[in-house]
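Engineer: Chain residues, written in single-letter form:
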Amino acid sequence: MTYCIPMFPMCQKNINMANITELENIAQQVRRDIVRMVNQANSGHPGGSLGCADFLTALYFEIMQHQTKFNMEGAGEDLFFLSNGHISPVWYSVLARSGYFPVSELATFRKLNTRLQGHPTTHEGLPGVRIASGSLGQGLSVAIGAALAKKMDGDNSTVYALTGDGELQEGQIWEAAMFAPHHKLDNLLVTVDWNGQQIDGSNDQVLTLGDLRGKWKAFGWDVLEIKDGNNMKQLVAGMRKAKNQLGKGKPVVVLMRTQMGAGVDFMMGSHKWHGIAPNAAQTAAAMTQLKETLGDF
Amino acid sequence: MKLQEITVTGKKATRDGFGDGLAAVGQTNSKVVALCADLVGSLKMDAFIKAFPQRFVQVGIAEANMMGIAAGLATAGKIPYTGTFANFSTGRVYDQIRQSIAYSHKNVKICASHAGLTLGEDGATHQILEDIGLMKMLPGMTVINPCDYAQTKAATIAIAEHYGPVYLRFGRPSWPIFTTNLPFEIGKALPLTTGSDVTILATGHLVWNALEAAKRLGLEGISCEVINIHTIKPLDTATILDSVSKTRCVVTAEEHQRNGGLGDSVAQLLSRKMPTPMEYVAVNDSFGESGDPMELLDKYGLGVKDVVIAVQNVLKRKKSPVLV
Numbered sequence: 001m002t003y004c005i006p007m008f009p010m011c012q013k014n015i016n017m018a019n020i021t022e023l024e025n026i027a028q029q030v031r032r033d034i035v036r037m038v039n040q041a042n043s044g045h046p047g048g049s050l051g052c053a054d055f056l057t058a059l060y061f062e063i064m065q066h067q068t069k070f071n072m073e074g075a076g077e078d079l080f081f082l083s084n085g086h087i088s089p090v091w092y093s094v095l096a097r098s099g100y101f102p103v104s105e106l107a108t109f110r111k112l113n114t115r116l117q118g119h120p121t122t123h124e125g126l127p128g129v130r131i132a133s134g135s136l137g138q139g140l141s142v143a144i145g146a147a148l149a150k151k152m153d154g155d156n157s158t159v160y161a162l163t164g165d166g167e168l169q170e171g172q173i174w175e176a177a178m179f180a181p182h183h184k185l186d187n188l189l190v191t192v193d194w195n196g197q198q199i200d201g202s203n204d205q206v207l208t209l210g211d212l213r214g215k216w217k218a219f220g221w222d223v224l225e226i227k228d229g230n231n232m233k234q235l236v237a238g239m240r241k242a243k244n245q246l247g248k249g250k251p252v253v254v255l256m257r258t259q260m261g262a263g264v265d266f267m268m269g270s271h272k273w274h275g276i277a278p279n280a281a282q283t284a285a286a287m288t289q290l291k292e293t294l295g296d297f
Numbered sequence: 298m299k300l301q302e303i304t305v306t307g308k309k310a311t312r313d314g315f316g317d318g319l320a321a322v323g324q325t326n327s328k329v330v331a332l333c334a335d336l337v338g339s340l341k342m343d344a345f346i347k348a349f350p351q352r353f354v355q356v357g358i359a360e361a362n363m364m365g366i367a368a369g370l371a372t373a374g375k376i377p378y379t380g381t382f383a384n385f386s387t388g389r390v391y392d393q394i395r396q397s398i399a400y401s402h403k404n405v406k407i408c409a410s411h412a413g414l415t416l417g418e419d420g421a422t423h424q425i426l427e428d429i430g431l432m433k434m435l436p437g438m439t440v441i442n443p444c445d446y447a448q449t450k451a452a453t454i455a456i457a458e459h460y461g462p463v464y465l466r467f468g469r470p471s472w473p474i475f476t477t478n479l480p481f482e483i484g485k486a487l488p489l490t491t492g493s494d495v496t497i498l499a500t501g502h503l504v505w506n507a508l509e510a511a512k513r514l515g516l517e518g519i520s521c522e523v524i525n526i527h528t529i530k531p532l533d534t535a536t537i538l539d540s541v542s543k544t545r546c547v548v549t550a551e552e553h554q555r556n557g558g559l560g561d562s563v564a565q566l567l568s569r570k571m572p573t574p575m576e577y578v579a580v581n582d583s584f585g586e587s588g589d590p591m592e593l594l595d596k597y598g599l600g601v602k603d604v605v606i607a608v609q610n611v612l613k614r615k616k617s618p619v620l621v
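Those protein sequences? They're chains A and B, same order as listed. The numbering used here applies: residue 1 is where the first sequence begins, and numbers increase by one. The numbering used here applies: residue 298 is where the second sequence begins, and numbers increase by one.
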């Protein structure tokens, strides 16, 4: 069994700053990948992708125990489900950089005959993807199904899921939120990308999420918060803490504050970059802000 | 087979066939798990739950969540059977099925009871007549509508061995059992009588009505070839074309809208391969209403007499192809 990054032992208790630097370097490259992929496809969702670059890097290179030799059923390994499928660029980059498929394939994003469809899918057989997502609100239920299967099989590994914040406006999320505590799914760790933005504006303008912490708590979840999901040290510490809450009879949700567009100054904090592609000049400007650490695709 | 060789071995609801089939397949296949959205009694799932409590998931009244959970269970190698009414198994959760199950090609068995008008007194909110159309349009979806208790039980068992998403449709009322000793194979139409004048292609409860109609028509000297199309998708085109090439006219019969149903699939086949006079016994662009199941079938044109009339009409067109 080969785990993807042996240089980050799973059991370490203290946060090693060298490892944090290493993770930050990977996240830099992931950000370059995102901007270049969306530019080359002339479509896609850079805002939320950039905001979650640190999270997915931490998840795949530090937090999760997983195999890059892809197996759909994933028995004995941690699984991840992306519910907000439109941030596919960040996931594709992290999967490729982890070794699930060749980094060169990132160049095919959104192009005819690609495995890297606009929204993630199993249909073309891309390693690392276990369900199609894009139509919002469905991924949490799917993650619950996978977590239930692990419980049935006595498999102690964890199921992770990421949802957007605007996505929480979908009713199915709350069906799922009610289900998981009732069934004591304490092998399920959900993160909400709480960047406060969605296509038509801020969450508060479109449909306020209100007391998000109180809502999840009232549904029976163990609720944690990460104040800055674009700070790698805080992120790793927060996710480790959340991991430690597993196995205690409740599912765990992490409300992760991020900045849409994080890492590219002209994209940051605005809903305007939710779903538009940067042009050549904007891409060049973004590249000056992002270090090429692992070699571009 | 001759009409008089069809033997009725009792009367039970098709949903009982699902319940018994589920309990049976639970014994032979440990990957089978079941989910229900607060309709355990209606779906007859008690025997499975009693035998395999750890393999049953009560989801509550949250069908969208149920479809997603089923997709997740399937991802991990389970064979989930979801159970709720046909209305809540399809229209209510279409996008969940489309993305998480069909497009993701998950091995989920969507088991839908109380389909069609024969749900009866609860009325049109629950009497879905569009579900076959909805499900057959999804790429990769297998659609099965068995005709009696025995066939529903056989189908429930058979779908566990068929990898991929399946829509299994059955119903509420007690109904004659006549396929006990007949084979069931997914995608293989079941000829029930041999005849030479007309082919009647029927699915679900309407197969019985087609057989009853064939009896009456036999008294008038009309020889009907009744074929049970339990699998609407994939359609057994060879068996249909073989029969139609002999009889040269067709009646389809189903407890569903004419739009999108079995008749549509047959018309699509015949228009391309063998243009043939054809009549539909189906609900014609209408919602149902409350009432006794048999009275509803009569009111909405799905009774035995309606099959008889459709055959008489199609025979006229066979003689004189121009419709007057």
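Please note that a few of the clues may not be correct.
[Stated by the list, open to error] Now the in silico label distances, taken between C-beta atoms and shown as ranges: (1) Asp595/B with Met178/A: 38 to 46 Å; (2) Asn113/A with Thr325/B: 51 to 59 Å; (3) Gly484/B with Thr122/A: 20 to 28 Å; (4) Val305/B with Thr122/A: 41 to 49 Å; (5) Lys596/B with Leu112/A: 35 to 43 Å; (6) Ile15/A with Gly338/B: 50 to 58 Å; (7) Gly295/A with Leu538/B: 26 to 34 Å; (8) Leu538/B with Asp296/A: 55 to 63 Å; (9) Thr208/A with Asn326/B: 46 to 54 Å; (10) Lys347/B with Met72/A: 42 to 50 Å.
[What the hints assert, rightly or not] Calculated pairs, SDA-like style, for lysine to any residue (alpha carbon to alpha carbon, straight line, at most 25 Å): (11) Lys69/A with Tyr400/B; (12) Lys291/A with Thr21/A; (13) Lys151/A with Pro436/B; (14) Lys215/A with Val337/B; (15) Lys215/A with Gly357/B; (16) Lys69/A with Leu612/B; (17) Lys111/A with Pro436/B.
For the record, the hints were derived by calculation from the structure and aren't laboratory data. Predicted model only: the values in this text are computed from it and were never measured. A virtual CB, placed ideally from N, CA and C, is assigned to each residue, including glycine.
Engineer: Decide, hint by hint, whether the structure agrees.
Structural biologist: Against the structure, the hints come out as follows:
Roughly 43 Å separates the CB atoms of Asp595/B and Met178/A, a value that falls within the hinted 38 to 46 Å. Between Asn113/A and Thr325/B the Cβ separation comes to about 41 Å, which falls outside the hinted range of 51 to 59 Å. For the hinted restraint 20 to 28 Å between Gly484/B and Thr122/A, the CB-CB distance of approximately 24 Å keeps it satisfied. One distance hint, 41 to 49 Å for the beta-carbon pair Val305/B and Thr122/A, holds here, with the actual separation near 45 Å.
For Lys596/B and Leu112/A, the Cβ-Cβ distance of about 52 Å falls outside the hinted range of 35 to 43 Å, so the restraint is violated. A C-beta distance of roughly 54 Å is found between Ile15/A and Gly338/B, which places it inside the suggested range of 50 to 58 Å. The supplied range of 26 to 34 Å is broken by Gly295/A and Leu538/B, whose beta-carbon atoms lie about 59 Å from each other. Separation of Leu538/B from Asp296/A is about 57 Å and conforms to the stated range, judged on CB atoms against 55 to 63 Å.
Here the CB-CB span from Thr208/A to Asn326/B is close to 48 Å, well matched to the stated 46 to 54 Å. In this structure the hint that Lys347/B and Met72/A lie 42 to 50 Å apart at CB is violated, the actual value being about 32 Å. In summary, the hint linking Lys69/A to Tyr400/B is supported, as the alpha carbons are separated by about 23 Å, within the 25 Å threshold. With a CA separation close to 13 Å, the supplied pair Lys291/A and Thr21/A stays within the 25 Å bound.
Among the hinted pairs, Lys151/A with Pro436/B is inconsistent with the structure: their alpha-carbon atoms are about 32 Å apart, more than 25 Å. In summary, the hint linking Lys215/A to Val337/B is not supported, as the alpha carbons are separated by about 30 Å, beyond the 25 Å threshold. With a C-alpha separation of about 20 Å, the suggested pair Lys215/A and Gly357/B falls inside the 25 Å cut-off, and the hint holds. Taken as a hint, the Lys69/A and Leu612/B pair is broken in the structure, with Cα atoms around 62 Å apart against an allowance of 25 Å.
For the suggested pair Lys111/A and Pro436/B, the alpha carbons sit about 22 Å apart, so the restraint of at most 25 Å is met.
In summary, the structure is inconsistent with hints 2, 5, 7, 10, 13, 14 and 16 from the numbered list given earlier, while agreeing with the others.
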